[in-house]
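Visitor: All chains should be built: construct the whole structure from the sequences, respecting the hints.
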Amino acid sequence: MPDEPKSPSPTPDPKQTPAAGSAAASTPEKHSAPAKPAGPAALPWDSPMVSRLKQRYGSGVEASSYLGQNYMVVDSSVVAELLRVLRDEERFDYCVDVTAAHYLEREKQFDVVWILYSFALNERIRVKTMIADGESVDSVVSIWPAANWLEREVYDMFGIRFEGHPDLKRILLPDGWKGYPLRKDYGIIQQDQEWVQINLGIESGQ
Amino acid sequence: MTDQTTTDPRRYLSHLELGEPDKTFLDTNELVINMGPQHPATHGVLRVILKLDGEKVLGTECVIGYLHRGVEKIAEHRTYTMFNPYVDRMDYVAAVSNGLGYCEAVEKLLNVQAPPRANYIRVILAELNRLASHMLWLGTHALDIGAITPLFYTFRDREEVLKIFEKYCGARLTTHAFRIGGCLYETYDGFEDDVKKFHKFVTPKIDEYEELLTTNRIWVERTKGVGSISAKDCIALGVTGPVLRASGVKWDLRKAQPYAAYSEFDFEIPTCENGDTYDRYLVRMQEMRQSLRIIEQAVGKIPDGPIMAKVPKVMKPPVGEIYHSIEAPKGELGYFIVSDGSTQPYRVRVRPPSFVNLQALDLMVRGQLVADVIAVIGTLDIVLGEVDR
Amino acid sequence: MLASMFDGIKAYLFSGKSTPGQADSIPASLFWALVYILLIFLGLSIAVIAMNWLERKILAHMQVRLGPMRVGPHGLLQPIADALKLLIKEDITPAAADKWVFWLAPLMVVITAFTVFIVVPFGPAHAVTDMNIGILFMLGVSSLSVLGIVMAGWASNSHYPLMGALRSSAQMVSYEIAMGLAVVSAVLMTSLNDKGTGTLSMIGIVQAQAAQHVWFVFKFFPLGLIAFFIFAVAMVAETNRAPFDLPEAESELTAGFHTEYSGFRWSLFFLAEYSAMIAVSSIAVTLWLGGWLRPFTDWLSGDTWDMVFALIPGLSLLFLAGMCFYSTTRMPKHPSFRIQTAGLAGFGVVLAAAGVLLFVPPVRAWVQDIFWFSAKVAVFMYLYIWYRGTFPRYRFDQLMKVGWKILLPIGIGVLVLTAIAGVFF
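Protein chains in written order, with my numbering: chain A, 874 to 1079; chain B, 5 to 393; chain C, 12 to 436.
Simulated from the structure, these hints should not be mistaken for lab results.
Be careful, since some hints might not be right.
Stated by the list, open to error - Result set (DSS-like, lysine-lysine): computed pairs, CA atoms no more than 27 Å apart in a straight line:
(1) C:LYS412 / B:LYS60
(2) C:LYS68 / C:LYS96
(3) A:LYS1051 / B:LYS77
(4) B:LYS236 / B:LYS209
Guide: The structure is reproduced here in structure tokens:
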């Protein structure tokens, strides 16, 4: 009956066995001290698929595995093609999520993340790319139609434009809203006061 | 090699082209009408703009965001523990599963495993929660189609589930049942008896619902062939949950990527073939029965032991990202959490099943009649709290 | 003049003649006609009020809830409260509505719904008049209500009510055809007598059933039954009730022809709906279920059986009174419920008194036919409520399909087969 504070293996989900790439993800070193651990490190992830992609895109692809979850950090110039290759050749037919994160202090401020899953391989991967403010990414709606609203939400919340999206407009916020709330320089109680005053007829939304 | 390339991607786009010159009602047969956001049948504040040709729907557009509360932004300003109650408010109909997904995601990030007893309690509550969610779905869906009685029956039986929740954690709807690392509350005295009694009580009730609807000729006519979606379209649109299973894809995260003790139970994944409203109804009814099966197995053998793993009081997960998803009653509910090493998450992204499923509405109602739009919205089982967050 | 009227009245009362239309002198028959009209009007109003209460209570009990309980004991005064509320509500007329038509439409619907009752026979001598084209009159006048509905939709000058009204009227017109075919089958059966002539008169139809010693629902089994079922389904569609109530459903997009009506005008539509339900049920009862005839006239015949069946009206009222008294004992004992408890007990006393009154022989004889007729109509009312609680709603195209593609061909088939059966049997 395992009762230790932290289990030795970093995979809290031993059933999640990606078909390829599990070898590298099995046992990183764990400090058993109850104090703050140094934490599991991101391990390199190697698999036939990764080697195929590395062959095509060389240094534009960096594949790692953290806590048993495989992900790739891809250069923004090759990510569009790589995603298409992932669906067409590597059978990642289900786009689980498209999202982003904002790192204000970085030069390339935005992390755009695609989470993909393959029914055939029962495998889930993340593809990440970094873009600067004002840069846009290719839309994957033509690859996975599921990304339609997901990309609209990323645009709505972060202001990242997706080239080739059929109808990129705000989805959760009203159409005329100014500002992109999930950016780190947008305050937690900040609102578009102008929109509030015009449309709701009140002085402030607070 | 996939065959995705053969489908015209424009098939999945909303077919509502606004911006045509104003035509009066009598000039052409085309009409653009608006449903919602206040409407008795849209299950929340959802606005659907319909383009009709007489009675036939040519295209739709959903306007959402009326319930957007900025949950993801709030998450960045709360600690991991403080954010736990917020997730219940997203899919407020089935709050336990939201909490389960979030707690498990953070546990993964902390590299902690909940003890087996906690996992069993989680499974029991999650399956009770699935039952409650499906019961509410059944009542409201039947009400939209015109059968006004099953609503009362399902709500009456849902009360029993909510009573168990209330006895366990004090709340009926937004339960906040789990904590990061396990469960906070030990099962109360008589929990197993209550659950067993409930199991005995509700099994014939599900048969009662089926008796009212499954072979009812009017029900079958209203739901068969309505809102069909093929498996290929489901996968392309990212639709998960009972909608996907009714289209023939036998995929359930509880079996494909088991979490929280689900691997120890024996249950089936119901599927159907046609992917129409009737099939989704059958799949959900069967899911209710399978949930009861899991509950029966689980409540008989809850292991002893602690209910909470050793988690630090001040949680500072190491820098990194994690994505964890569970099979919520509505589909794949996922949490993508980015940690920067501090006590507050850097980014919490909730992947809501209802949001992605709602995209499929346009494809499903194209060519159907207006009266079917409501049936299809009901059968997608969306909760606006989750769609908008 | 007065003396002759008295003589006419006396002659009428003791002559055992049939309906006022055939009384000896014209003033007498007019007077009686007016009395009967008033009685029917009152009776119908009470029936509609009772229907309102019954529908809410029965539907609620089917849905595992209680229904109105507060307004009067067990909600008995709820319909009165509703009526009062509707009367004092603000009378809103849409600005762009066609005022005269807007005003006329509910009147039209109510008038047609009430007018059909002048030929409904509650007994061999208990009808306002006995037209020799009774059934035709009923069908014809009830079709006029469609006009009222279209007028309502049109006059509202709004898109949704117009569409709802058109749908409603299309539905009603389609199902009238099926109804008509079923009615003709029943009328055919009335001609199976020595003279070979049937009758369209409502009283005549029931008398034909009495003469042939069989209710038409059982005649030429299963033809009578099928015709009855066709009529039973068509009449539900005719009155826009579940499962054919798409034009008035709230969760659909087109909100129905009575959207723009509020307050008293709306209550007129709703009154007319219940009256229409009672009217078509009366047709069904008259044509197939033997009208005012008591069950088992032939199998359980004889004086003792007659006496047993004669006691049933009184017994049923006493039973209702008993239920009232029982409920009185179960009322909460809190002081604020004193008035309600007293009211319920009083109501029980009234019912008991009426029940006892029905045991008195002259009253007993007089009320027999009315009671059996009303009881059968009440069964239909219960069925209406039951359908509403059980069935989902048909979509409009499915509804039209049922009317045209299913009921109509079966109706024609039944008609032809009935005619053939009538020739040979």
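Visitor: If a hint holds in the structure, say so; if it doesn't, say that too.
Guide: Evaluated hints:
Straight-line distance between C-alpha atoms of LYS412 (chain C) and LYS60 (chain B) comes to about 17 Å, which keeps the hinted pair within the 27 Å bound. Taken as a hint, the LYS68 (chain C) and LYS96 (chain C) pair is honoured in the structure, with Cα atoms around 19 Å apart against an allowance of 27 Å. Annotation: proposed proximity of LYS1051 (chain A) to LYS77 (chain B) holds, straight-line Cα distance about 16 Å (limit 27 Å). A C-alpha spacing of about 35 Å is found between LYS236 (chain B) and LYS209 (chain B), which places the hinted pair above 27 Å, so the restraint is violated.
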